[in-house]
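Student: Chain residues, written in single-letter form:
2 protein chains.
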Amino acid sequence: VSGAIVGVVGGGQLARMLLEAALALDVGLSFYVRPGEEGISGWSPRVVEGPLELEALRAFARTVDVVTFEHELVHPTVLAALERDGVRLAPPAGAMAVGSDKELQRRLFASLGLAAIPSELVDRGRSERPHISPPYLLKAAHGGYDGRGLVRVDTEKDLPPTGRYLAEPILPIEAEGAVLVARSPSGAIRSWDPIRLVNLEGICVEAAWPSELPEAIERAALRAAIAIAEALDFVGVLAMEFFVVEGGLIVNEIAPRVHNSGHLTIEAAVTSQFENHLRAILDHPLGDTSPLSPAAMVNLLGRIADRTSPSRVRVHRYGKTPRARRKLGHVTALAPTVAEARQHARAAARTLGGELIRELEEVG
Amino acid sequence: VSGAIVGVVGGGQLARMLLEAALALDVGLSFYVRPGEEGISGWSPRVVEGPLELEALRAFARTVDVVTFEHELVHPTVLAALERDGVRLAPPAGAMAVGSDKELQRRLFASLGLAAIPSELVDRGRSERPHISPPYLLKAAHGGYDGRGLVRVDTEKDLPPTGRYLAEPILPIEAEGAVLVARSPSGAIRSWDPIRLVNLEGICVEAAWPSELPEAIERAALRAAIAIAEALDFVGVLAMEFFVVEGGLIVNEIAPRVHNSGHLTIEAAVTSQFENHLRAILDHPLGDTSPLSPAAMVNLLGRIADRTSPSRVRVHRYGKTPRARRKLGHVTALAPTVAEARQHARAAARTLGGELIRELEEVG
Numbered sequence: 001v002s003g004a005i006v007g008v009v010g011g012g013q014l015a016r017m018l019l020e021a022a023l024a025l026d027v028g029l030s031f032y033v034r035p036g037e038e039g040i041s042g043w044s045p046r047v048v049e050g051p052l053e054l055e056a057l058r059a060f061a062r063t064v065d066v067v068t069f070e071h072e073l074v075h076p077t078v079l080a081a082l083e084r085d086g087v088r089l090a091p092p093a094g095a096m097a098v099g100s101d102k103e104l105q106r107r108l109f110a111s112l113g114l115a116a117i118p119s120e121l122v123d124r125g126r127s128e129r130p131h132i133s134p135p136y137l138l139k140a141a142h143g144g145y146d147g148r149g150l151v152r153v154d155t156e157k158d159l160p161p162t163g164r165y166l167a168e169p170i171l172p173i174e175a176e177g178a179v180l181v182a183r184s185p186s187g188a189i190r191s192w193d194p195i196r197l198v199n200l201e202g203i204c205v206e207a208a209w210p211s212e213l214p215e216a217i218e219r220a221a222l223r224a225a226i227a228i229a230e231a232l233d234f235v236g237v238l239a240m241e242f243f244v245v246e247g248g249l250i251v252n253e254i255a256p257r258v259h260n261s262g263h264l265t266i267e268a269a270v271t272s273q274f275e276n277h278l279r280a281i282l283d284h285p286l287g288d289t290s291p292l293s294p295a296a297m298v299n300l301l302g303r304i305a306d307r308t309s310p311s312r313v314r315v316h317r318y319g320k321t322p323r324a325r326r327k328l329g330h331v332t333a334l335a336p337t338v339a340e341a342r343q344h345a346r347a348a349a350r351t352l353g354g355e356l357i358r359e360l361e362e363v364g
Numbered sequence: 365v366s367g368a369i370v371g372v373v374g375g376g377q378l379a380r381m382l383l384e385a386a387l388a389l390d391v392g393l394s395f396y397v398r399p400g401e402e403g404i405s406g407w408s409p410r411v412v413e414g415p416l417e418l419e420a421l422r423a424f425a426r427t428v429d430v431v432t433f434e435h436e437l438v439h440p441t442v443l444a445a446l447e448r449d450g451v452r453l454a455p456p457a458g459a460m461a462v463g464s465d466k467e468l469q470r471r472l473f474a475s476l477g478l479a480a481i482p483s484e485l486v487d488r489g490r491s492e493r494p495h496i497s498p499p500y501l502l503k504a505a506h507g508g509y510d511g512r513g514l515v516r517v518d519t520e521k522d523l524p525p526t527g528r529y530l531a532e533p534i535l536p537i538e539a540e541g542a543v544l545v546a547r548s549p550s551g552a553i554r555s556w557d558p559i560r561l562v563n564l565e566g567i568c569v570e571a572a573w574p575s576e577l578p579e580a581i582e583r584a585a586l587r588a589a590i591a592i593a594e595a596l597d598f599v600g601v602l603a604m605e606f607f608v609v610e611g612g613l614i615v616n617e618i619a620p621r622v623h624n625s626g627h628l629t630i631e632a633a634v635t636s637q638f639e640n641h642l643r644a645i646l647d648h649p650l651g652d653t654s655p656l657s658p659a660a661m662v663n664l665l666g667r668i669a670d671r672t673s674p675s676r677v678r679v680h681r682y683g684k685t686p687r688a689r690r691k692l693g694h695v696t697a698l699a700p701t702v703a704e705a706r707q708h709a710r711a712a713a714r715t716l717g718g719e720l721i722r723e724l725e726e727v728g
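Protein sequences, first through last, are from chains A and B.
Numbering follows the working numbering, in which position 195 of the first sequence is assigned residue number 195; successive positions increment by one, without gaps.
Add 364 to the 1-based position in the second sequence for the working numbering, that's all there is to it.
The shape of chain A in the complex, shown without the other chains (with noise of 0.2 Å):
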């Protein structure tokens, strides 16, 4: 390894898929993880056990020439200080504090006039209540993900005792959708094509591309995603979720980071999105984003059969303990069309023993 050391904080699949890309591209990372955290550990010399605290941070932060994050945990406070010690934070601290928090998200949409979800901020702690009437949805402002922090309000007991979350009417929702953007220091932004995502529980389960949506709807998603990337001053990969209501494109949230939706891009696209996030980071020039395939990608979640090496499908597999709906690994099929890409990849989690298969074969 020579060169610029990439500080990645967070150890999971994101991270050990980051190390792929990394191996291939050389550049050297370094891991700063949550004691017991698992993904990383065991697989680079370079593994930092610590709490995701200041002085703990700026200690790692002095090891590497750029930090970058796999998650949204740490605090925007401490990122703010990290930023004003002169540590190189990519994302920068302010795209990261959007990143991590809903309803900034949905202050920047309305900002850039994209279509955005109503929603109202409820503070449980000093028991709020929305003016929206149930049924509705509550989302966690902070930290929410995979199900987490979404809670269906039909009835008045079915309000959490605490916590901060926005309220949200229950959207007719026809489709969804991700878009993810690779955006350089210097501005330089490049954008793979839109993919399809299935959700259920609040959890992705499927991806895949190409997104067989309207290509007005998937004209504005991509705009709406390099807006929102210019907006932030963003540096690295970022994910744009959106629905599709009633015919038009709704932004739903960020993520300011290599996505969970872009996995497909591993084998499917030219340049993952876990090379472009590297080689944003570091200013080097963007790869190219071209789609080679259709493909899909399943989650398996909850459970995962050991050896077992079904047809058609790349298994990745991240060496997580199994817990019910778990994010444990996925597969992801090419094929000549995005119909049969899905057909094998669902297939192989089948054989793979995945939860929430048969509901997504429901989803159709």
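In short, the hints are calculated from the structure, not lab data.
Every value quoted in this text rests on a predicted model; they were computed, and no experiment measured them.
It is possible that some hints are incorrect.
As the list claims (entries may be wrong) - Listed next, with one range per pair, are the computed distances between beta-carbon atoms:
{"#": "1", "chain 1": "B", "residue 1": "Pro499", "chain 2": "A", "residue 2": "Asp306", "range": "55 to 61 Å"}
{"#": "2", "chain 1": "A", "residue 1": "Glu361", "chain 2": "B", "residue 2": "Pro536", "range": "56 to 62 Å"}
{"#": "3", "chain 1": "A", "residue 1": "Ala110", "chain 2": "B", "residue 2": "Gly406", "range": "56 to 62 Å"}
{"#": "4", "chain 1": "B", "residue 1": "Ala580", "chain 2": "A", "residue 2": "Val363", "range": "46 to 52 Å"}
{"#": "5", "chain 1": "B", "residue 1": "Arg448", "chain 2": "A", "residue 2": "Ala305", "range": "33 to 39 Å"}
{"#": "6", "chain 1": "B", "residue 1": "Gly414", "chain 2": "A", "residue 2": "Val363", "range": "53 to 59 Å"}
{"#": "7", "chain 1": "B", "residue 1": "Glu576", "chain 2": "A", "residue 2": "Arg148", "range": "51 to 57 Å"}
{"#": "8", "chain 1": "A", "residue 1": "Asp65", "chain 2": "B", "residue 2": "Pro399", "range": "53 to 59 Å"}
{"#": "9", "chain 1": "A", "residue 1": "Ser133", "chain 2": "B", "residue 2": "Gly406", "range": "56 to 62 Å"}
{"#": "10", "chain 1": "B", "residue 1": "Gly406", "chain 2": "A", "residue 2": "Pro160", "range": "45 to 51 Å"}
To be verified - Chain B stretches covered by chain A per the calculated footprint, using a threshold of three residues with CB under 8 Å from any CB of chain A:
{"#": "11", "region": "584-598"}
{"#": "12", "region": "676-684"}
Backbone N, C-alpha and C fix where the C-beta goes; we use that ideal spot for every residue, glycine too.
Dock chain B against chain A, hints included.
Tutor: Showing chain B alone in chain A's frame:
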């Protein structure tokens, strides 16, 4: 990492690519490298440095469940002694002995009724001369690779002063190719489609598939590689290189390991040679070897531009110090036709500054 640990003797680019595959497969690797060997060092928490000698390898073998090889540099008597100790070698010592000795290979090919290059063993230490008249080729009986150990003899003056060689006529080679097979301890075998090779100065410069060779040649090559793997009771991935001479198949040599000709399987096959090598030696079910797309790989020899990201290819950098004709990386392109894939891969290799690209284009 849970489960069996695979010990890999050797730490160059093949070790790196094995590590990439092991990450996705969640198979733990431990590497045994020679002092100063470049490639895997710095990339794994389990890298042991030492000489390729019995006592040191014995100690390494005690820390792993199975030992495999990235090169053929361990002496066959050392391998046989390890096996007598009860160390599980995959491939087994006998297969490694043949794989590292061109003379034994020729005898095996003859015993299997496979057409091979007529050759004669010449011990220059005893001042032996071949009966063949110049011009002819001398190939080191042991350890030659990437053009090293290859001597063209036009006059007696070209004869090396020492060393054991095979003397061979210079054949009118019409095409070169390779077949890769993966074989499990249980005898299960999977082969990838034959690969077309261009070698220059004895170095593999380009690999591509489909081979565009006559079907009869492809079938004969696949049959030959499978017969060899079975005769050797081989475990792991075996590469067989062949020539087409006067329209017929001539088996050239084998390598008892993952091989440069198979790098395109990373992107262009459902399961790569690296993943199936690990699956085979662990006796897991072998992965699907179907091709995903026509593809071409071009080696980056001698020099490689920093940071540059040419379009239409995936770049693999090996992290090695540049030296004339040294393999520093490779690019792989997928495209609707092999001709386009070749164009893209060659254009990228030119952009990245690899050696022998002009010469490659002259070959056509």
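Student: All the hints need checking, so say for each whether the structure fits it.
Tutor: Tested hints:
Distance hint check for Pro499/B and Asp306/A: the Cβ-Cβ separation is about 56 Å, which falls inside the suggested range of 55 to 61 Å. Checked against the hint of 56 to 62 Å, the pair Glu361/A and Pro536/B passes, with Cβ atoms roughly 58 Å apart. Range check, Ala110/A to Gly406/B: Cβ separation about 47 Å, and the 56 to 62 Å hint is violated. Take Ala580/B and Val363/A: their Cβ atoms lie about 48 Å apart, and the range 46 to 52 Å holds.
Range check, Arg448/B to Ala305/A: Cβ separation about 36 Å, and the 33 to 39 Å hint holds. Under the hint 53 to 59 Å, the C-beta atoms of Gly414/B and Val363/A, about 55 Å apart, fit the expected range. Hint check: Glu576/B to Arg148/A, Cβ distance near 53 Å, so the stated range 51 to 57 Å holds. For Asp65/A and Pro399/B, the Cβ-Cβ distance of about 28 Å falls outside the hinted range of 53 to 59 Å, so the restraint is violated.
With their beta carbons about 60 Å apart, Ser133/A and Gly406/B fall inside the hinted range of 56 to 62 Å. The given range of 45 to 51 Å is respected by Gly406/B and Pro160/A, whose C-beta atoms sit roughly 47 Å from each other. Coverage of the region 584-598 of chain B by chain A is violated in this model, with 0 residues showing a Cβ closer than 8 Å to a Cβ of that chain against a need of three. Restraint check on the region 676-684 of chain B versus chain A: 8 residues with Cβ-Cβ distances below 8 Å, three needed, restraint holds.
The structure shown violates the earlier hints numbered 3, 8, 11.
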